[in-house]
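Here the protein sequences line up with chains A and B, keeping their order. Okay, so the first sequence: first residue is 1 according to the working numbering, each after it adds one. Okay, so the second sequence: first residue is 1001 according to the working numbering, each after it adds one.
Hints were generated in silico from the structure; no laboratory data involved. In this text, a Cβ means the ideal position worked out from N, Cα and C, and glycines have one as well. Hints are not guaranteed to be accurate.
Unchecked claim - FRET-style restraints, in silico, Cβ to Cβ:
1) B/Ala1023 - A/Lys463: 38 to 48 Å
2) B/Thr1131 - A/Val562: 52 to 62 Å
3) B/Asp1386 - A/Thr385: 44 to 54 Å
4) B/Arg1264 - A/Lys542: 36 to 46 Å
5) B/Lys1374 - A/Asp387: 19 to 29 Å
6) A/Ser285 - B/Lys1374: 52 to 62 Å
7) B/Pro1557 - A/Lys12: 21 to 31 Å
8) B/Asn1513 - A/Asp387: 56 to 66 Å
9) A/Lys12 - B/Gly1560: 26 to 36 Å
10) B/Val1227 - A/Pro40: 47 to 57 Å
11) B/Asp1386 - A/Gly560: 35 to 45 Å
12) B/Val1517 - A/Val562: 45 to 55 Å
2 protein chains.
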Amino acid sequence: MLKILRINTRTKEYAFEEVGPYANLGGRALTSRVINKEVPADCHPLSSENKLVFATGLLGGSTAANSGRLSVGTKSPLTGGIKESNSGGLFAQKLPKMDLLAIILEDKPAEQAPFSTIFITDGKVIFKDATDIAGMYTYPAHDKLLAEYGDKLCACVIGPAGETVRKTATIQFTDPYKRPARSAGRGGTGAVMGSKKIKAIVLDPEFGERVGPVDADAFKVSRKTWVDILQGHPVTSQGLPAFGTSVLVNVINEAGALPGKNFRQGQVDHVAEISGEKIAEIIESRGGKTTEGCHPGCVIQCSQQYNDKDGNYVSSGFEYETVWAFGANAMIKDIDDIAALDRLCDEIGMDTIEMGNTVAIAMDGGIIPWGDGKAAFELLRKVGTDDPMGMIMGNGVVFAGGAFGVERLPVVKNQSMPAYDPRAVKGVGVTYATTAMGADHTAGYGVTANVLKVGGDIDGHKKEGNVELSKNLQIATAAIDSMGFCLFVAFAVLDCDNGVQVMADLVQSYTGNSFSVDDLVNLGVGTMKDEQEFNKRAGFTKMDDKLPRFFETDPLPPHGVVWDYDEDELQGAKV
Amino acid sequence: MLKILRINTRTKEYAFEEVGPYANLGGRALTSRVINKEVPADCHPLSSENKLVFATGLLGGSTAANSGRLSVGTKSPLTGGIKESNSGGLFAQKLPKMDLLAIILEDKPAEQAPFSTIFITDGKVIFKDATDIAGMYTYPAHDKLLAEYGDKLCACVIGPAGETVRKTATIQFTDPYKRPARSAGRGGTGAVMGSKKIKAIVLDPEFGERVGPVDADAFKVSRKTWVDILQGHPVTSQGLPAFGTSVLVNVINEAGALPGKNFRQGQVDHVAEISGEKIAEIIESRGGKTTEGCHPGCVIQCSQQYNDKDGNYVSSGFEYETVWAFGANAMIKDIDDIAALDRLCDEIGMDTIEMGNTVAIAMDGGIIPWGDGKAAFELLRKVGTDDPMGMIMGNGVVFAGGAFGVERLPVVKNQSMPAYDPRAVKGVGVTYATTAMGADHTAGYGVTANVLKVGGDIDGHKKEGNVELSKNLQIATAAIDSMGFCLFVAFAVLDCDNGVQVMADLVQSYTGNSFSVDDLVNLGVGTMKDEQEFNKRAGFTKMDDKLPRFFETDPLPPHGVVWDYDEDELQGAKV
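Isolated chain A (complex conformation) (with noise of 0.2 Å):
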């Protein structure tokens, strides 16, 4: 039976616990329940009494494709509110053979206390002086610990946007390529690790054994089926290994949602210089990858590695939401300078879409040009220093709306919106509004029914069926984060009509316990509850799960669409 592991980072001491009242749970279903059953709603968020919970899923260390996603917990600097953010790497794989179901950070040293690395092995935690990483930037501090520990390592560590609190940070996670490429990218995860005075955490390379599932060959079986399910369909097996996630560059321009100019317009003029086709001719031409793993056992091979026009490596985990956020939203038209600021963010570790959107606000309050990309990796370059202007930025839109004057803010409970107008796109309209987490796209695609056209038709311009969408994906990606899957798998799933039930078998099979598809979905919507159970204690309402007036009184160029829920309609998506 796998265990939690339970480090205070003020004291040092640790103690491998048996899983108790959070057996069957896994992934975020396991960080959000720990998370509202232990931390106090009202604490602040960098205060002792918040928590920072690492969980692999039910199918976590298992060979089933697609399903080594991480779930980050914690309560979030940005938004006030729970936090799961969910990231690729090596990190949830290597857990379940150490032996871990999750890693719970709690407590925190004194402010004066140097950052320490955690290295965890069989039985043991030892607390490391990380005097010698300390204030680097991600990558150099990931090369270093690879010198230590070798090629073998699985780590996660922060940059000086953690260690200096920032509101955005991210806690980078090693990827299959030795990169500290992955990211819990929203939320701001990495202050939460920042303010425990954690600067990395190792699991060690030479611990750990090969996990097996409890009914092998029913897992056989199942995992075969759901290898063609991944492979049948266009967007995982074609769309998406071709040109990334930036296929939907074009798409969503097409589709006149794709936000431009701080979410003024729906299109924007130069998107041929910034779409998936032509970053995937730069990448070949440049000898780069177009298609990469975030996991191993990953068969979409969504990712990328964009080289300079030297053919030096510059970034991998270049998503579609980094390329709008600093390309359409802040109007920068070269594709070089979006591949420079996404590589920063990630050594400074900073969440591509809040910065790529607090650029934008920089940039509405006459801080820097519209659409100059050196100006705004200067900006974004003084985040983790002493400068008060990387405080400002490192902090997020709200905050940099605050500093700045800007009173356009695209953000719900705090947290800013990724590459999806939520007047065009209103099946993630509604998901931005209601989740717990604040605008986040990935709680409940429905860009697939809006604009995919994937698992039904609905028509993104209308509210007639979207609030009922947004539901049955938060449910569902609810759930999907909680076995370990990465979110795309829904894509397959939604056009087939085996899908949920091949999902459930994996878990069956794998773990040994009954797992039906309803308890699949009641897994999903378990988790939503403890999100929402914890959101409200800590003083949300539904008035907190709405939009903007701006989207009520701007329509978006060029269908002229606008926001037109009220707050009781849209209580609806919620469980």
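Fit chain B to the given chain A structure using the hints.
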């Protein structure tokens, strides 16, 4: 019948309207009703949908002692809730003489629009280009207006903090000595005026007629009784005139309730250096004035003129809360440094309470050393400039805490606490928690019964009786603010049998409308209802009616008291 003047700051159109649904309201009752009825609760405070209301009280323009206070209402950029900020000066008494009950500023011009001065005269409103005073500190800007309009100037003006829409920005009003030294201090009203691109409002000195009571004989009798009441109480006739409001420094320190070092202690060692007695001694030795009124007709005279070592004017309206904020909470021992900071706040147009607390946060975050008044001055001088540190400091405690990574933030609804530790003066603590204004001592000053033993004797260390005390004071205060009285009349009223009746008689005889003690109470209750209703629609819940957790977990020296209310108990202080 007085009129309401509505001015559209975008179109520059205006209208003198009948009071209509706002009949029989004045001061805070009027501003809170207008904001509640006319402003969308979920609008951005700096958006065109917000309004800024200046209202005279029911006794405005009368000769009733201490009835010349002004209410300024808006949706607060600091708290996100409703705000009434109360000021002395000449404005409130001038409005009725111009046949005006209130001025409402609406809408806002484009971002790039120049600043204007609004000149109001007989039936006309003239927008004048304010380029010559835009960007200027309030004293020199006010001097320019004095030069233009003469010694009978009656104006209000914002400083660079308001122009740059800082959340702590005040509106400064002409005092009886031709200085812009009276502030609508709390909640960022100056930022709303700045967002509407109004640098100053001038009420035509050449226009206006004396206003008389409708029932002159009855008014004369009540007016005399009223003066006797005020002059018969030791606080309003001796303590406040002799030493100004800083008479409280020793008193509150003695009670162990003077918050020191960002609310870590209830007493400070250097209290003798910043006491009211010491300040009066210095004022006298330097040829200043120990007694002044903030508006004509004041018989308490708690204001002062503080001079520097060379006998030159430094500041007035140098209140206890200012002395405390810089002197005790930020541990600045040099009273001349504190006076210079007070003046700087008036010049840039910033709330001294919020700024003193923000300086303490900067000290707590290691930005400047504890107690360093010169460093604090340099930090605050950046507010209103394009220096990012000024953007941070000018936005108050919560913002600075987010920038500097400080989690110990003594705020309710994002507004920081004034000079009374809620653990040791629970009567005012309940008010901090429950008033719609955010942490505000003036909304229900439980210091009366808790410390001064005025109007009763209720232990400030214990819970018993303090919810009721706060509720009653909150109702009374809302009524006092609505009639236009100075809050300090409460000291005298609470200790005599006929005080409330005389206030009601004054209103009835002045306005000619029936106004009983019940009407007075209902005026207070109705005002609070408007405020609570607005905040509820803006998303506030009982979870926002709480103090930060450190007040519960950290006992306050020297008495070791903690805050021990739960949120449901506190709801008893609301109407």
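Check: Checked against the structure, which of the hints given earlier come out wrong?
Finding: 2, 3
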